[in-house]
Amino acid sequence: MRKTIFVLILSVFLFSTLLSSCTKEDLNKELIGAVKKVEILDNKYSNFYINWDEYIKELNNMFVENYFIGEHLARAYMPPYIVLSQDLINIIKEKGHELSDDERSKIVNLSKKFTIDISTQISDVYSIGDYKYVFTKTKIMANYKSSYRYLYSVKKYTFTKDGYGWKIAKVDTKYFNSEIDMTRYNSTIDGQKIVYPLEINPLKND
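So the sequence shown is numbered by my numbering: it starts at 181 and just counts up by one.
Keep in mind the hints are simulated off the structure, nothing from the lab. Possibly wrong hints are sitting among the right ones.
[Stated by the list, open to error] Mimicking DSBU-like on lysine-lysine, the simulated pairs with C-alpha atoms at most 35 Å apart in a straight line are:
id, residue 1, residue 2
1, K373, K286
2, K209, K336
3, K237, K204
4, K204, K325
5, K312, K292
6, K319, K237
7, K319, K350
8, K341, K325
9, K286, K204
10, K209, K373
11, K237, K350
12, K286, K312
13, K341, K292
14, K292, K216
With these hints in hand, go ahead and build the complete structure from the sequences.
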């Protein structure tokens with residue numbers, strides 16, 4: 181009898197442990213998937229592939245309700261290849277990213293003469309207290325006739341749990357012109373080394 185009870189208790193414990201492990205793994209995949217989607221959208225918007233309405237529509241339900249819309253704009257950047265073309269400079273010098281669809285298409289077509297490579301590394305999920313964190317590092321390179329321009333960025337995504345699941349509450353973003361400056365950020369958290377196992381090209385992923 182005691183042996184039967186012990187086996188039952190052990191079985192329940194092992195099942196609970198396995199269920200907890202699977203739940204955590206599924207949640208981590210969900211959070212990393214959310215960061216990947218935001219990185220793709222941020223880069224597509226910054227590089228004029230999509231307009232503002234398309235951008236915001238895709239971001240719906242991923243951020244907390246009180247996330248200020250201006251914070252999305254703060255993540256946008258001006259692609260480094262712009263300075264390699266006077267035509268591109270002329271198009272955006274007054275409007276920035278607020279362009280018509282025709283102007284946006286013209287920029288995308290003009291940018292095809294450049295070699296553009298964007299690489300984004302996405303970290304594992306890290307938990308501290310009631311928050312979860314995911315980090316990214318991005319390198320943007322543009323080349324035209326052996327003239328190179330670079331832009332680097334790091335982001336720290338903070339997730340919080342609300343009544344609808346885990347949402348992005350904050351994205352700390354920094355841009356740099358030097359890779360050395362970028363490496364000084366997002367290397368450790370709470371004494372742990374931050375690992376970046378996933379790498380994507382945001383303009384070539386959907």
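Against the structure, the hints:
1. K373 with K286: violated (43 Å)
2. K209 with K336: Holds. K209 to K336 sits at ~17 Å (cutoff 35 Å).
3. K237 with K204: Between K237 and K204 the Cα gap is close to 28 Å, so the pair holds against 35 Å.
4. K204 with K325: Violated. K204 to K325 sits at ~48 Å, over the 35 Å cutoff.
5. K312 with K292: violated (38 Å)
6. K319 with K237: holds (26 Å)
7. K319 with K350: holds (21 Å)
8. K341 with K325: violated (49 Å)
9. K286 with K204: Judged against 35 Å, a Cα distance of about 45 Å means the pair is violated.
10. K209 with K373: holds (20 Å)
11. K237 with K350: holds (18 Å)
12. K286 with K312: With Cα atoms ~40 Å apart, K286 and K312 exceed 35 Å; violated.
13. K341 with K292: Cα-Cα ~42 Å, so violated.
14. K292 with K216: holds (24 Å)
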